[in-house]
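Student: Model the full assembly from the supplied sequences, consistent with the hints where possible.
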Amino acid sequence: MNPILEVRDLAVTFRTGSMLNRSDILAVAGVSFAVHPGETFALVGESGSGKTTLARAANGLQEISNGSVRFDGYRIDGMPARERKPLRRDMSMMFQDPVGSLSPRMRVGDLVAEPFRIHGLGAGSIREETVRLLSLVGLSAEFVHRYPHQLSGGQARRVGVARAIALSPKLIIADEPTAGLDVSVQGEVLNLLNDLRERLKLAIIIITHNLHVVRHVADQVAVMYLGRFVEIGPTGKIFSAPAHPYTASLLSANPEPDPDKPRNRISLSAEVPSLLARPSGCEFHTRCPWVGGKCGSQPPDLRQQDDRRFSCHYPLAPGAQAPVKEVSHG
Amino acid sequence: MTVLAVSDLNVHFTTGAGELHALRDVSFDVSENRVVGVVGESGCGKSTLINAILNLLADNGRISSGSIEFSGQELTGLSRRQMRELRGPGIATVFQDPMGALNPVLPIGRQMRNIQYRSGQAKSEKDMRSLEALKRVRLPDPEAVLARYPHEFSGGMKQRIAIAMAVMMEPDLLIADEPTTALDATLEVAMIELLKDLQRQIGCSVLFISHHLGVVAELCDDVVVMYAGEVVERGSTREVFKNPGHPYSLKLLECDPARQTARRRDLPTIPGELPDLNHRPTGCIFAPRCPHRGKECADAPPDRQLDESHIVRCIRAGAV
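Quick note, the sequences are listed as chains E and V, same order. Note that the numbering used here numbers the first sequence so that position 143 is 143, with each residue one more than the last. Note that the numbering used here numbers the second sequence so that position 139 is 139, with each residue one more than the last.
Treat the hints as calculated values from the structure; they're not laboratory data. Some hints could be false.
Stated by the list, open to error - Derived Cβ-Cβ restraints for the label pairs, each shown as a range: (1) E:Arg146 - V:Ala58: 19 to 27 Å; (2) V:Gln121 - E:Thr16: 39 to 47 Å; (3) V:Glu152 - E:Leu61: 25 to 33 Å.
Computed from a predicted model, the values in this text were never measured in an experiment. Glycine is no exception: its CB is placed at the ideal position from the N, C-alpha and C atoms.
Tutor: See below:
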């Protein structure tokens, strides 16, 4: 099956500083991946690792400085907005802030109908279609008259889902779709997306820092650090045996609701390096508990092993424990 | 010793749609040197509860009955000025949004000096104390931090600064309202470790509000489970997490994807909606969504004691 989205060597650069003191920030530094119809692809990593920038670039909302983005066979990077508009119908975005991404001056009915208006579709039946979409996301028809400030976080999120699926897209990019939601509502939103994925053969890119969610819903997962993928592959394999120390430490930093669970936590040293001063060699070496001889000088390649890729000179064996070292709390 | 004792607390708000009964008969204790977690979903009254404790209820809200005792002193009915005397060395608070807690137009050092207005010390002594507090929360280069403005720090660092300010006066009770919600998993874990260490160093009690069950399991000694303005269950964290006695606690724990060991695409949820608090049902508040409800649930359920500290507001407590 052909991928619905194919990203190659994608890089995004931001310019900062004054006229005389200009510097470039490489927010996304050459990543490649493909998402197939009916597949859920998860992007994980700390804030500032480039997840949202990558998603925006993949959706054509962010100009890229290198690489290519192919959607449904068409190359969309650099494509004029007018040509891209018909393709936009097939890719939609759920933004991070559920209430903030809805115009406060529009009613729910108009918000859900907006995609049809923009694309000049379904003139006669928009109202029926709106009510149908609302019921699909579990909101009754009376919601069409409400304004965003009259919605709870979970309801606003569902309106976001209704807008995202309105035009039956082939790809949905969901940026933190469950952030700030309660566990029971979180389950509802994820189940809804999953149900649509199955019925519509929808591909989903989900950005989240909730690894428990990733484990349940994602087929593939990519772990980002300072704008690069340090590990990418099938979710099950990566969760059971992470090869990259950063993946392992993220997984171990996952608080679990079990007071008796032994916590073999891998504690990371130092703060996250700045994108303006990337470390030499392997960019994770400043925080890596397993740091070895060549890590500080030689950048590791992203190497392929079976169906996953990772960039580490000394990949972890399954079940590896962090080396014990003296921790000072100065 | 009990540091904070809340008993039979009721809070009402006057709204356009009538009287809203936000908290009903809320009781729990925070003992000396304990970390107590308050969990529950949005709208369950967690924030109303701390606002009631801190005398910060909105103008249309009032404590209609019940008591809040802090180290033996009754807090309900205190004037804002009397309450202000208690803040700092008595009760300190860390709020959810660190940006909102810091003044964006003043450097950190100035803000930390300002909140020591009662100490009567010289400027240099106050600054020394600020530095100590920043070192305590393990911020690198604390001298430089004092000169900088809030926008120059990341979310995690701002939250550390807010915590430094809260613990500067070594309070007897630290109230932390979802302090890790805005943070990533790795930073969240670092924050839990930090709070644990500070609690031990200072020897204070902590009231920790969260909807993240994993964080509560790691940090808290005791836990209070709230639903729609009522405490449905309270007890030691181990008891509540291992043997939940209330159907809501059980459901809430089941819903957490972290509790599902086998991978499943279909995640559990709690069917139904929160009750309308303008028309609070007289019987069990959870009954409309409860899979175990019976005829007897139409009456207000008793607080059943399952063991010394484990109390459940359910007629069938422990039997479900």
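Student: Indicate, hint by hint, whether the structure satisfies it.
Tutor: Evaluation of the provided hints:
Between Arg146 of chain E and Ala58 of chain V, the C-beta spacing of about 23 Å keeps the proposed range 19 to 27 Å intact. Between Gln121 of chain V and Thr16 of chain E the beta carbons are some 41 Å apart, a value that agrees with the proposed interval 39 to 47 Å. Under the hint 25 to 33 Å, the C-beta atoms of Glu152 of chain V and Leu61 of chain E, about 28 Å apart, fit the expected range.
The structure shown violates none of the earlier numbered hints.
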